[in-house]
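Residue-level listing of the chains:
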Amino acid sequence: MSKRRPYVRPMGGWWKKNPFFVEYMVHEGTALFVAAYAVTLLVGLVRLGQGEAAWNGWLEAMKSPLSIVFHLVLLVAIAYHAITWFKLFPLTMPPMVVNGKRLEPNVVVGGGWTAAVVVALGLLAVVWRIAQ
Amino acid sequence: MSESQKIIEIEVLRYNPESDKEPHREVYKVPFSDDMSVLQGAQYIKDNFDGSLTFRWSCRMAICGSCGMMINGIPKLSCETFLRDYYPNRISIEAMAHFPIEKDLVVDLSGFIEKLESIQPYIIPREARTLEQGEYIQSPAQFNEYIQFTSCINCTLCYAACPQFGLNPDFIGPAAMALLHRYNMDSRDGGAEQRMQLVTSEEGVFNCSAVGYCSEVCPKHVDPGNAVNINKINAAKDYFLRFLSPKGGSK
Amino acid sequence: MSTMKVRKRSNAPIFWGLFGAGGMLAALFGPMLVFITGIAVPLALLLPADTMSYPKMLAFAQNFIGKAFIFAIIALFMWHAAHRIYHSLHEIGIHAGMFAKLLCYGSALVCTVISAVVLLGLGF
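Protein chains in written order, with this note's numbering: chain A, 20 to 151; chain B, 6 to 256; chain C, 39 to 162.
To be clear, the hints were calculated from the coordinates, so they are not data collected in a lab.
This structure is a prediction, so every number in the text was calculated from the model and none was measured.
Hints may be right or wrong, so weigh each one.
Unchecked claim - Selected chain C positions facing chain B (Cβ under 8 angstroms, derived; list incomplete):
(1) K46
(2) R47
(3) G55
(4) H125
To be verified - With a cut-off of at most 25 angstroms between alpha-carbon atoms, the simulated BS3-like pairs for lysine-lysine come out as follows:
(5) B:K26 <-> A:K36
(6) A:K106 <-> A:K120
(7) B:K225 <-> A:K106
(8) C:K43 <-> B:K242
(9) A:K106 <-> A:K36
(10) B:K34 <-> B:K51
(11) A:K22 <-> B:K26
(12) B:K51 <-> A:K22
(13) B:K242 <-> C:K139
(14) B:K51 <-> B:K11
(15) B:K11 <-> B:K34
(16) A:K106 <-> B:K242
(17) C:K46 <-> C:K139
(18) B:K51 <-> B:K26
What the hints assert, rightly or not - Residues of chain B placed beyond 12 angstroms of chain C at every Cβ, according to the derived structure:
(19) I12
(20) D25
(21) H29
(22) Y33
(23) D39
(24) A67
(25) I79
(26) R89
(27) N94
(28) R131
(29) I142
(30) Y151
(31) P174
Using N, Cα and C, we set each Cβ at its ideal position, and we do this for glycine too.
Using the sequences plus the hints, can you model the full thing?
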């Protein structure tokens, strides 16, 4: 009879055991804030559909100090999502080849961050233009 | 031994399947010199304190891939990790995470071996050639497509680094995917479609959530995490485009 | 020839695709959108105070491009978040299976449907 009795260690709390995993859980956790923002916008959209008074009520609510603080937190969390999203590109994307040479990981990440900044400023410019 | 002999405490996770219900920790005081690896520390314990301490090793030079273990919780090859870098603190060693412990520092790798087999780790010729037609010609550019993924030594540190493998032992995992990708990327190989069934399956690449620690701990810079993630894109293409051009893949 | 086990195809590409698209949108537009809608406009910083006034927002939501943008942002942000949260639940040991799946992806689906209905209701 076999004397084998392989022991399987439990996985509970695995993510607390290594700073690398803690960071992973933090950037995964930004999803909660992305969802919260999407729901905030959805409420706004529903209010818009209900007419001017409802919409203005939503706009007023967005001016409350609590809302401002909430959005500052959202800003930090979603910015962290953006930073880590592109930071993972060397892992998640096929190698990018330019002139027969593979781009260095930091060039890929830097390119992603640059694109994010350009798009964000572009968005602000478009909104500013429409608002005039 | 001189009086200045340095002594480091090595805490080992011990498990004897014949007598222990579960693993427990034991601490050994090991005299060491600056050129001693963690593996040599384990050997010292086996030679001087407890001959039953069980661990795998072979080459002592980071190429056989046998001596992986968790060293202070981090998957490393014990032959290229040095005691001096931990002294004067205690060092803890444990069998590679996420695998079942067979005994002490030895894990059960049979699941990994089955996965290696399942990816068909050999060239499935793209076109049959006779001897008269001569060898397959491959350009340096084609060679560069896959060479990185040939460096894998099957040490399985990437599995010990992968929480998704720990949570679902059926996940094909980083090293097997790196090797699968190595053959898919070889210009002589035509087996990508056969291998796609595994890639797109429930045991396949979508178990990965891009933690990326596998590539971080790889002692040979294979970047298995990239192989897994590139194949998510391939698998998604296969998923959505199979109706347009049905070929291979799972049903 | 290795033993070719018959394996079940994973439907993950659908959810992974939505997750990826939403993650990309959130990375590119998320921070600035939060700044505009949640900070700049309410505090009248940088942008005119009436940037999000009713007539302007209504016109934006009735414009085809504006409609598509609002829909993509709300729906894909939700699908992105749902996918990550579903996986995180599994990772911290809550293997609620079908229930967790329905809760996460179901919420995303509900938000998607609501935003589509409202946007269509606003007309073109």
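Each hint, compared with the structure:
no.: 1; hint: K46; in the structure: holds (5 angstroms)
no.: 2; hint: R47; in the structure: holds (4 angstroms)
no.: 3; hint: G55; in the structure: holds (6 angstroms)
no.: 4; hint: H125; in the structure: holds (5 angstroms)
no.: 5; hint: B:K26 <-> A:K36; in the structure: holds (24 angstroms)
no.: 6; hint: A:K106 <-> A:K120; in the structure: holds (20 angstroms)
no.: 7; hint: B:K225 <-> A:K106; in the structure: holds (22 angstroms)
no.: 8; hint: C:K43 <-> B:K242; in the structure: holds (22 angstroms)
no.: 9; hint: A:K106 <-> A:K36; in the structure: holds (22 angstroms)
no.: 10; hint: B:K34 <-> B:K51; in the structure: holds (12 angstroms)
no.: 11; hint: A:K22 <-> B:K26; in the structure: holds (13 angstroms)
no.: 12; hint: B:K51 <-> A:K22; in the structure: holds (22 angstroms)
no.: 13; hint: B:K242 <-> C:K139; in the structure: holds (24 angstroms)
no.: 14; hint: B:K51 <-> B:K11; in the structure: holds (19 angstroms)
no.: 15; hint: B:K11 <-> B:K34; in the structure: holds (10 angstroms)
no.: 16; hint: A:K106 <-> B:K242; in the structure: holds (24 angstroms)
no.: 17; hint: C:K46 <-> C:K139; in the structure: holds (19 angstroms)
no.: 18; hint: B:K51 <-> B:K26; in the structure: holds (22 angstroms)
no.: 19; hint: I12; in the structure: holds (40 angstroms)
no.: 20; hint: D25; in the structure: holds (25 angstroms)
no.: 21; hint: H29; in the structure: holds (24 angstroms)
no.: 22; hint: Y33; in the structure: holds (34 angstroms)
no.: 23; hint: D39; in the structure: holds (40 angstroms)
no.: 24; hint: A67; in the structure: holds (29 angstroms)
no.: 25; hint: I79; in the structure: holds (20 angstroms)
no.: 26; hint: R89; in the structure: holds (36 angstroms)
no.: 27; hint: N94; in the structure: holds (30 angstroms)
no.: 28; hint: R131; in the structure: holds (17 angstroms)
no.: 29; hint: I142; in the structure: holds (27 angstroms)
no.: 30; hint: Y151; in the structure: holds (20 angstroms)
no.: 31; hint: P174; in the structure: holds (14 angstroms)
Of the numbered hints listed earlier, not one is contradicted by the structure.
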